[in-house]
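Undergrad: Read off the chains here:
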Amino acid sequence: MIDKIKSLAQGDNLPRFVITVFLLLLFVIAAILKQPIGVLLGDSLVRYGMNGILVLAMVPAIQAGTGPNFGLPIGIVGGLLGMLISMEFVPQTMFMHQWVGLIVAIIGAIFFGAVFGWLYGQLLNRVKGSEMVIATYTAFSFVALMCIAWLVLPFKNRAMIWPIGKGLKNTITMENTYGGLLNDFLSFKLVENHATGSHMFLFNKTGQYITDTYGIESAIKFQIPTGMILFFLLFCYLVYLFINSRTGVAMRAVGDNPKFAESSGINVNRSRLLGVILSTVLGAIGIIIYSQGFGYMQLYNAPQTMAFGAVAAILIGGASAQKAKISHVLIGAFLFNSLLVVSLPVANELVPAGGLSDVFRVITTYGVILYALAKVGGKTNA
Amino acid sequence: MRNFSLKRFFIDNIVTIIFLTLTIAGILIAQQPIHILVNDIVRRFARNTFLVLALIIPVLAGMGLNFGIVVGAMAAQAAVIFVADMGWNGLFGLSMAILISIPISIILGWMIGKLLNKTRGLEMITSLLLSLFAQGVWLLIYLALMGRFIPIRTKELLIPGGIGIRNTVNLGDGMGTGIKYSLANLSQMPFFLAMTVFLGILSLIYLVRYLRSKQIKGQRDKWLLIPLAVSLLGTLIMFLGHSTMLYPASILRLNEVDIPMVTYGLIILVGLFVNWLINTKLGQDFRSVGQSQSIAAVSGINVDRTRIIAMITSTVMAAMGHIFLLENLGVLNTYGSHVSIGLYSVAALLVGGATVNRATVGQAFLGVLLFHTLFYIAPFAGKVLLNDAQNGEYFRNIVAYGAIGLSLVLYAWKQANHAHNKAMRPEGDDAAPATIDLSADTE
Amino acid sequence: MNVLEMKDISKDYFGNRVLKNVNLSVKPGEIHALLGENGAGKSTLMNILFGMSVIQTTGGFEGEVSINGQPTNIVSPHQAMDEGIGMVHQEFMLIPGFTISENVKLNRELTKHNLVSAVTRNPRMETIDIARNAKDARAALDKLDIGIDEYTRVSGLPVGYMQFVEIAREIDKTGLKVLVFDEPTAVLTESEALNLMDAMKKLANEGIGILFITHRLDEVIYCADRVTILRDGEWVATKETDDTNVVELAELMVGRKVEILPKDKKVAEDADIIMSISDLHVNMPGETVKGVDLEIRKGEILGIGGLAGQGKIGIANGIMGLYPTTGSITYKGKTLKLNDTKSTLDSGIAFVSEDRRGIGLLLDSSIEDNIAITSMQVKGQFLKKAGPFTLRDKEAIREHANQMIEEFDIRCLGPNQFSKRLSGGNQQKVCLARAVTLAPDLLLVSEPTRGIDIGAKKLVLDNLIKLNEEGMTIIMTSSELAELRSISDRIVIVNEGKVEGILHPEDSDADFGLMMAGTYNKVRGGAK
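First to last, the protein sequences are chains A, B and C. With the numbering used here, the residue at position 360 of the first sequence is 360, and numbering never jumps. So the numbering used here is basically just the index in the second sequence, starting at one, shifted up by 1000. So the numbering used here is basically just the index in the third sequence, starting at one, shifted up by 2000.
Hints are computed from structural coordinates only; laboratory data are not their basis. Cβ coordinates follow ideal geometry from the N, Cα and C atoms, glycine included.
Cβ-to-Cβ under 7 Å is the rule here; a few derived chain A residues that face chain C:
1. N244
2. S245
3. R246
4. A250
5. A253
6. G265
7. I266
Sequences and hints are given; from them, build the entire structure.
TA: Structure (structure tokens):
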């Protein structure tokens, strides 16, 4: 029994253990500070659904042996392209234009994700052993390159481009398209009676909060984003099916031990390529779900550091740089996103200084990744 | 002895060649007056070179491109903020900032070294993520703790409300208050005179190296005659510019550019220091460890300790370099000044022709010159080409990230090809050494 | 007086005795050859001499080491160096990016004071004295009559020269008394080897004691003064080379009792050829095959033996297409596609790798997955339809794994235990089960008993015999001659990447010894 508890807090599981304990602690503090726990939980679920597929995108990459996909922004750019195309060509007068828009965006995302993923996978197959740093800088360069592309691509839709000057806007609202579509699909609201003296946090459906310092005694509604969660779970199931197929088993063998795979007649490079393409496509679809939950698409430099959060989340779930399972995604995405949601009001309450929530995010994200790296590189060759 | 192959030269220096082409094209397109261009490059060179030199030792020690110099820069920021808080001015303030930054950066460098010894083989991604992680810690201290748990005397430094340091900290007016220009103002010379001096010194260095080459290798290295001749010619050209009116007026306006002699002298000294360090026993150990950790260990070199020393050296140099950057900039961006240091310094070094496992002082100088020229010229060129300066901003990012991405890919590619070629070689020499040398005839 | 004396040396690793009362002495100015098969205990003996940590951390050793008559307890390689013992490694300890001079003086660089070092008194701050280092390197190279420029980078040198750089480094160390050459000629051409041995003689003439580890018998006769032979961790003999010959040495090196397991059926000499190999070249690092011609008869167990590094391992890996291969292989009358593992597997050939943990297993996967995965990939077994998807069939895999666990007597906690938690012997059984699951007609097994205990060894060999009796043709590659002789029908001995000859299990020890040492044809005159 004690051994079992110990094993929960060791090795790859340590971040999960630490974060869980910390999260519980935050919830306790939040309760003491009379924060609306229900709202925080509801908001955690929203962020969970929004980020889930981006975290899921790590699974094929890690399983195929290319390590956590630090090149996720490449997929994200593919998803953005899909969304832009959908917005440009799906008129809002169309029947069920929201669903059509979403589906067109996803189809576009799959196309661009596959093309970019193929190119990017070719690159990674040629730089075996230094995938992580190269993935990072390839993604950075690609995002930088796309900044120019956003300025010059010939999109015409007035909702997307700057009224004066040229190029696409930095953030494009999706209010009139499929923003919040999945969040609201089959969603239901819970009401929490909540009376506090001082601070109060209200959340809109996009996960942003509005501080109400006047202390209105009020009933706060919060929403369970059923559609988005279902969509996320559907994708988890699809990936689960894939990794249990013949091809998926081969891919995992390549990630585990490429030499073994080779001696079993498996084409190592093709499996790795497949893993990378899949990861990139999931990244592309992931950003669509993220954006529709957030209500905006963010172009230019926004995708640049998005990989790190996803990597941190899956590591928190118990994955390592070489091993990842769907359960790691389910657990990690929840823990990480809840942490970000709950730490925000607590930190603001304890240390009223601006931007502190970012501190939590940054320290957790990079701290967890560094911990995972220290475990991979532990093999001394001296 | 050296067989020169144009193709090989081109492949080995592809990054530098691309950037040289881009820079020249940029200059031609942007059509900026030459004295304004030079003035800007002179400032940028003064600010950034020290930091780039800080990258050389870790490269030689096999730890790759040290994105962790951001952490060293944080030590510098901490020291400078402290000095600003104490109200210390001028050279005294600058010296105090350096003194304070040294112990901080030694401790931080030691910690980074420890971490990198645990992440062997993944040094670059680790140091990159470490710099991002450190930014979190920095935010925590300077945003949440300063003024609340850590007392600050100068209230102007704080955000109204009393907690956290302001976004920008003014480092003086350049006339005596604060540390701004405390070094630059010491001695300034007009462009042509300064360049005559520098190129003269350079000629002298090459002359000495040429004369000493006989002592070391038994015969004089005639290849040194080329840089010697070039630098002598340069000296002459500059001297003519200084003493006569032979050149067109637009070029003579270069004399309006003032060169901060002490700053430049310092940069030269640091360059010489790095070269000296490489030639010490410690430097040889860095190189041995960098080439093969296992062989170095078998030969009795304490690999882990040597790597930590390399990291401390780099971090301390980065801290000093960043202090001089701030001195020259005059403004400290509390939450941003240090962030981009890693990116731009690494990019500059690579543009100069360095690789993941090879870097020289000369490459650092060349790299800073090319990279920052391009950096400066990009928005102007963008404006001419696309009628939009914004493009230039983005172009800067492409330049920086692209330089790093390209270099890393080329390096990994070469390594993979080398291993592949070895495996495909029809027969024999099975026991050829496992470590790969990519620089066989590029020196 | 002996410059080096090792007396009554015994050593065991975790109860497994690898050295038993071994004696070895080297006189100043003598070339002393140390001869033995792989696993005879030579490397353990050298690890003891050099105070390697692997000895210290496993409980030290028994016996006494004396240098110049002084009993000495060497506990680190550094101390060995201080005592004047040097080694020329088989795998070069050279930094390719450095010059010869830098390599010769590695971590022993001569330095001179400068301003900083004078003030700080820190020797690491002293400047490297390039000229003096080069002079030392020159002197050492001159001693070996090597004319190459000391400023040349090692990366550009031919292999033969690298050896000399290593030697130069050793003789540059002051007070060198004993120099150990660890199979130095293995990677050299014949003329390079001659050069090297001449250099050894020259060094011996200067009074240095030389310990020459080798497999090559004619080299022993050519340059050694005395020779000590080890077998199975025991001292067998020490002889003056003038009093012996290659045939005797071969016999001493190999000779041991062989128990030949009874086989019910003998394969007729004229049985059908199931596979014929011609001019096979395999570029497997360390085990290069350089032109092998071989015919395998249907239903036989063909043993492939030979010393480490000679290429025997490369043959099976080449057939499987795991390393770049040229030549031609005909299998069951059809040409086998080379360098294509998938098609080899498809044609009904299975492989159990010599590198069990590196290639043979998915260590972080369950036993059942390990057993099933290759068949799933190659033959599409263990799959089931689930709507539009085809998924792995957990039940079928479980059932098959349970059956295999019983059949091969795999001792485990159950089919879902991770394979890395199994003992070596049981891991080997999993590998075998995986290969058998493919139901091959031809099974390639490499080093099936390496690193597993005696009980498991017997089980594995019995299993091979059983499979063979059921009609499977088996090619077994092994470093253990006794094991090959116990179950094979014929034994191919590979030397320098080529077939030296084919023997029967009953043939004499001397024949096996000579073939393994590559001197059979010279001594016995022509092939069998």
